[in-house]
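K.L.:
The chain contents come next:
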Amino acid sequence: MMRLPKFRYLGAKSLKEALQALGSVGPEGRAVAGGTDLLPNMKRRQQQPKLLVGLRQVPELQSLSGESGGSLGLGACLTLSEIAGNAALQDDYAALSLAARAVATPALRNMGTLGGNLCLDTRCNYYCQDQEWREALGYCMKKDGSICWVAPSSPRCWAVSSCDTAPAAIALGARVRLASASGRREIDLSDLYLDDGIRYLSLEPGELVEGILLPPAQGWVSTYRKIRRRGSIDFPILSVAAALKLDGGVVEKARIVFGAVGSRPKQAKEAAAFLGGERLTAESIEEAARLAAKAARPLDNTDGGLSWRKRIAQATVVRALEEILRG
Amino acid sequence: MSIGVNVPRKDGQSKVNGQAAYVDDLSFDGMLYGVTLRSQIPHGKIRAIQFDPKFDWSSVVVVDHSDIPGQNIVTLIQRDQPFLAAQLIRHVNEPILLIAATSRKKAMEARTRIEIIVDELPSVTNLEKAATGVRLYGEDNLFKEIHIEKGDLPRGFAEADYIVERTYKTGLQEQMYIEPQGVIAVPGKDRISIYGSLQCPHYVVKALLPLLSFSHPDQVQVIQMVTGGGFGGKEEYPNLLAGHAALLAMKSECPVKMVYDRAEDILATTKRHPSIIRHKTGLKSDGTLTALAIEIDFDGGAYATLSEVVLSRGCIHAAGPYRCENIDIVGRAWATNNPPNGAFRGFGAPQTCFALERQIDLVAKTLGIDPLEVRRRNAMEPGDSTATGQVLTESVATHKCLEQAVKASDYIRKRSEYSKLLPKARIRRGIGLSLFFHGSGFTGDGENRIRGRAGLQVTPDGFIEILTSSTDIGQGTETIFAQMVAEELGIPVDLCRNAGVDTNRVPDSGPTVASRTCMIVGDLVRSAAAQLREDLIKWLAELENCNAEQITLVGGCFLLSGQRVASFQDLAKRACSEGGPASASKTYVQPEGLEWDEKTYQGQAYPVFSWGCDVAEVEIDLDTYEISVTRFTAAQDVGKAIHPVMVMGQIEGGSLQAIGYATMEEVLQKNGWIENHRMTNCLIPTALDAPAFETHIIEEPFSGGPFGAKGVGELPTDGGAPAVAAAIDHATGQRFDEIPVTPEKIELALNP
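Chains as they are written, first to last, in the working numbering: chain A, 6 to 332; chain B, 16 to 767.
Keep in mind that the hints are not guaranteed to be accurate.
To be verified - Restraint-style ranges between C-beta atoms, simulated for each label pair:
(1) B:D476 x A:G236: 47 to 53 Å
(2) A:G31 x B:K120: 25 to 31 Å
(3) B:S118 x A:Y14: 20 to 26 Å
Derived by calculation from the structure, the hints in this document are not laboratory data.
All residues carry an ideal CB built from backbone N, CA and C; glycine is no exception.
This is chain B alone, in the form it adopts within the complex (with noise of 0.2 Å):
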């Protein structure tokens, strides 16, 4: 039995004593460092670049857009994105030359000699003012609108005894991984080798070739090195950093190696967009919700890179799991001129979850009743819709979840009691809960269009190779699929290994983004692994001379009519060596009856949704006006925890960034700079601001997952953040509905 234990990680023992190799401790002879020159200005044009005749500029390689071979675009969904700024600026810090140097001190010497002139133009960096400001972006500076409609939003309205309305705010969120961005670039002849700290090698791939002018995908190697966190942040910037490093390389003909310092990468990398979302709700006496009517803009930043889709997902998540007949979404992606914001886990929804929740929130406090009897009356059951009018038809764990995280925290004796404090008392306590789910898996028939792929090798000493190209970046792929394989080959995990992600060596099984690692990766590696086990006892029967029924692969053995005839070891490494089968792939086929409609927004948003219910419990000092998360109680589901451990740190982790995300994680942003660009003042939750957790995982199966298994990546970022701010105006007896809610905003609520 490998599923559901807590095997030890496959990545565990080389972290920990050190021999886990990142691409800073990776070198190659005649390595040079680059560096990158970028604007000072969010928006000019640029009108000469002058090189200071006193240098040697003989000791440095310098590349412009000038010398690409290619295209000068970023290949993600739109086309907008230079690798380097030829002509035009259109935010502060974006590259516009590379300089490579034998150190990176000789590098960054070389930077200082060049001054970049340019002609301001008028920018638009503050998200109320992109749609009447500087035009930026097509006719109307949008990236993207979508709007998501369900029943008959006025005839809702006309049914409600009460209308709420509201408005949100989020900021910007830094994903703060623990290893910056960084890249090594190997140049060949015709061909690139690229090393770095990412979570989508294909997309480095897709990236390079038009930059390059490379025809064939095999001309750009990618190796993923190992990779100390991403959340997102590695999901599309490394396009940008690879190719850099690839130009560098190609034109200096010298492997290169770009890796970021903190404040380069707070500066210059994507974060999480901020929002503002507009609520207009109908409700009925009891409770009801008879319409949703729900307005979202999101910041994009300068350029597209992957804005449209964090505003779909943050679009189909805006409704929550409510049950609602009549709603109406209609959700904006701005162009501005600040740094681009990209993926961050959670990709829009943990933005459309606080304001929903909060407005949920609303919604109780309009009827004098408590929060959680209106999650209890409206949340969502088998057989009801979602906004795009998804019918849930199985595993849906909202009522599971909301009543053991409120039963763990003993939330209605908090919740009253709390409420009771003497006025007297300078210290307070608050209680808040959110309700909440996320998508798995890519949106509507996005897994068709990628088709992923994963395979297994045998290899001579009888071990199981697994080759996908999802990459472990600390979440435990390489741990979960091997529990996968074993299990359904009845082996021990160790028989089990992966192959490491080289883009020249494992198939496309998709990007290591939206929850899709586990449940859709992961049953491809476990079908992978079924059609071997098949493959193999077929073989056996062959050279038995038997009936394939007759043999079973138990606990690591073949039997053949109860008597053990071989380990599975020996029969691969025969197998491997006698031409036997020895390899298995699989490729995603999309279910039946899938039906998604990307112009209206209509059908099945996502195969499958995970559930969970968050109560934090907060201490306000009121005349310090310091918080204190105290106490968090996550149940979320996730189908089946291939590996609990793992589970609970996905829970956890999610949950720390959400509460930091509530509390004090603040990227100050003014006229398009970033200003607080170091770990001293941008800051993230440290050990000591950790609450107490308690984690109940929550196991409703999914007939489409791995063992049931669905996705838990992003789901613990979504609710965090509105369970602290109810918590926290539980305590305090102000409303808070914009994130983050410093001391400050908490000095100037109650001191108004």
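So here's chain A without its partners, still in its complex pose (with noise of 0.2 Å):
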């Protein structure tokens, strides 16, 4: 693996200094918080930033506001092993717990934040590649290239999103706050993601993601579960965020979103409607998963066999109901 290159390191104190730094330094300048994503692929050179701004230090990214029976709010800079051992959240937001605990390693989520998964870049054989083989078979579009090499007639990218939060934070209903220097916009966590591989996230020149929202967990259930060939380190083969609300066994909403089936987190929206006023039953739950993995359609460029992967997103979703039909 090559070093990394050359880089400047602004180490910002206030979500001002950090947001007029990247204001003003355009498109070569990157935030960071653990690093863990952005700087292994600088040094794949996939990403290759003059102005680095360091959002550890910034004491508004890092705050955990919310009152009881209330909504939540999550600090960018929080990291993924502060939102896993947060007891609250493993109550009430089950799924974003369990997702900030199935990120990498112990010590890829003490370094790792919130903010910096759900931003994570998107993956793809042909692209999370050292310099070296890229440049072999030639560069892809992704990056210093113009072909897609997993579908070479495609217009788009077709990188996938592999974070573990956003699928989790978006069943969850979460909105997520965007910050630049000129100012604040909240919006759906889900619009935040784009269905392209290379502009994978809806941000502004100089916009950053200050923190997620999420509504009251009052009535909702929820869990994530996450299929992967080994215990850890892995990124997701596929996952699936389920949140329901339910009253008294009948489900009063519902929402179920696939991790790793495409450039975005996908919301099983046909399904979601389906258990809306469903009790929630052996057969309901098995008609929910037949119609959610009509949405998952993954294609062969990630981590794990292409048939397998296509195969098990009606079972994962079967789990993650009956898991919360089980309480």
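Now that you have both chains on their own, put them together as the hints suggest.
P.N.:
As structure tokens, this is what we get:
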């Protein structure tokens, strides 16, 4: 592996300082918190920012705010270990807690942050390679090239969203707060993601994720399941986040979100709509899973054989909903 | 008492506090960094090498085959592999040029400015086509063919009530030691020093003498640095790497460091041989084995390296620890255009053990009896003979291991209980077992050809320094040697220390391979200590003017008729300063009556075997096809555990490698290219993939081993894979004859 390329580093002490730096440097600047995604990517020359703006000492991004029974705000620079270890989250927002705990390894969770995981670079067998490998084959369109090696006639990049926290937080109905030098805005977290492996985030230039806002958890039950080859380290081969608002065994509202099946977290809206008003039973779970699986159409471009990845979507939804049914 | 005690590891503290110096921690003034330019085709001819004229070539040192002062041949068994390809390229990532510069970055930059123009030739990268493809080696592309015959095979099949046949396949496996390969070469006047992460320092000496046209072994000094694992991967490969660094160092007249990164290490270094193994077995309806016909094909890759001896060990172990009078084993190691394969813990036995144990399970299935019963009925006992006709006279622990593992794992109850799980259950459990053995030490009269040596030296401060070239690569050599010396002399382990491995100083104890260090070299160390004790007692008797028989050495003190006359350390100091006995050394002597015929493969293949039984339990999710090895019970016989905690570490570590081999370790190779050359996609198990281990050390002592000890290094890698595969069969109701068994393969098998 090559060493890091040269870059300047600014350790911002306030959100304002960070946003001003990012706003003025333009596309050559990147925010960095744990660096567990960005720095290895820089070593592989997948990203080559000239300025890194460090966020770890920005107090506004470390906040965890909320009141019992109300909504909960999570700052982007909370580490994944902090998220995973938070008792209130384990109880009320199980999907997010489980997802944070499923990321990589303990050491990486101690460094990696919620914001970093939400903005995780998309992955592909033809992109997640060292520079020599990519050069030998010919660079792909995601970086330095013009072709998609997965689908050579495709005008778009099919790199895969592989973060764990986004499907979970979307299933929980999270909103995301974005900040830039010119102001703030708040959108549904699902709208942060675009269906494009290259431009996979709808962030504007100079904008960064300040944090997410989880709605009141009253009545909601959620879970997160991640399929991977090993018990640790690996990115998901497939993940499913499910959140149901239950009223005496009847589903009032449902959200089912897949990770690692496309360039953005994929919501199984048809299945969610079907579950609305249904009593949660083995039969309704089976039908919901069947409908949900239609939304999971992975391509053969990440870890795991395609046939396996395709076949497990439905069963994994069943497992998630059964877990909720069991309580 | 030092034997059987878990004394602190000699290397423990420095590894924990970070003081242990690995090769990449070392630098020298004016040191350059070397990189390798490698081929990008599996087979072809080099037509031209073009150097970018815009690059300042005076700022780097470039070495090609014409710079080699001696022979461009890596000295090992055959003389087929060049240090640098001259005209012919025989595999992808074969070294062609070496470049050194003041920084690694600069050397890598220079490498991008060189173009190798080649004429590609047709290649063979598929083992199944090795016999019929392009001619690569000799008349028939065979590095080696071995034939072992016992009894009368046709008669064995004629006596059989059933005949079962099946083909088994195993894949490439990467050693994945934690520290990649690395060396530093420091040139001197008519000499060179190599500092490296390696297992076999004297192999490097032997390889570098002809390369550099040196005539005296002292001209090549090899110093082993603290080594982060080897597993066989640092047996022969460091010869090549040390040669490269030496060539750059001789030409540049500067020290040169070459340390591979993980990608280069996976792409370029040797792996476990992939195999195709065909079994045909004759059996009686009571389960007696009447005939075993086994045909073994190994993919050796482009050069012979150690393939013939890997094949040899694989063949000798192919019929397993089972009584059978009629055996026919044919083994072949083939030349292909894949990168060369080589030594990996187990050395051919994990492949043949996997095939045999799966076949024994098939025998059980054919007869409708439990796999345990077939093993109980056929397991070797003292008096039985192996495939090579070696009659087992002592230290046979098949039944002990089998019954201990079966009892500890509750195999019988679980086997029946898991079989009855409701067909509705989506998470199925399975349990399976394997019985296996592994020969300790070199094959046949190999130890006699090596004639390993070991020595002890008393230091002026009264310590005992242990001089061997056996390398501690994490397995604990330094600690157990100290324990053996301490035990023999009756002194504290702290008084014994290792001299370090420097070929200019320590004798050639033979390589650190073949499960031989504890048993063979350990016994040399122990007997040197016995010699030293005797000599010191004689000397003290002279000083005290008494009979040597009146003196004993107990608890670190010399006693004369029961009265303390000197502490060991005091007398040792005195011996050192006053010209008394201050050293001892031993050379291997072959036990009388050892007979081995290298041509017919008949006779005593190993001084003794270690034995083992593994029981694996798995959970398979029938919906997601995830495999989880939940519990692993191992009962393994090592003769005597010198350091029980480290023995358990060996057993559990080796078992986990075998579990990885069975379930996830898959080096993907296409047209001679390795496709997954990173730890992200070339997987090995993590701590969370390790099952709950229940490890039982069985001690069936061997009279020829130190304190009864046999080898433990390789045994644990033999049995894990077939036990796991058997458990997966049990859970899924499908047969898996090819490893790794991945979720993809289970998905395919369950959805035909």
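K.L.:
For which of the previously enumerated hints does the structure constitute a violation, in increasing order of number?
P.N.:
none
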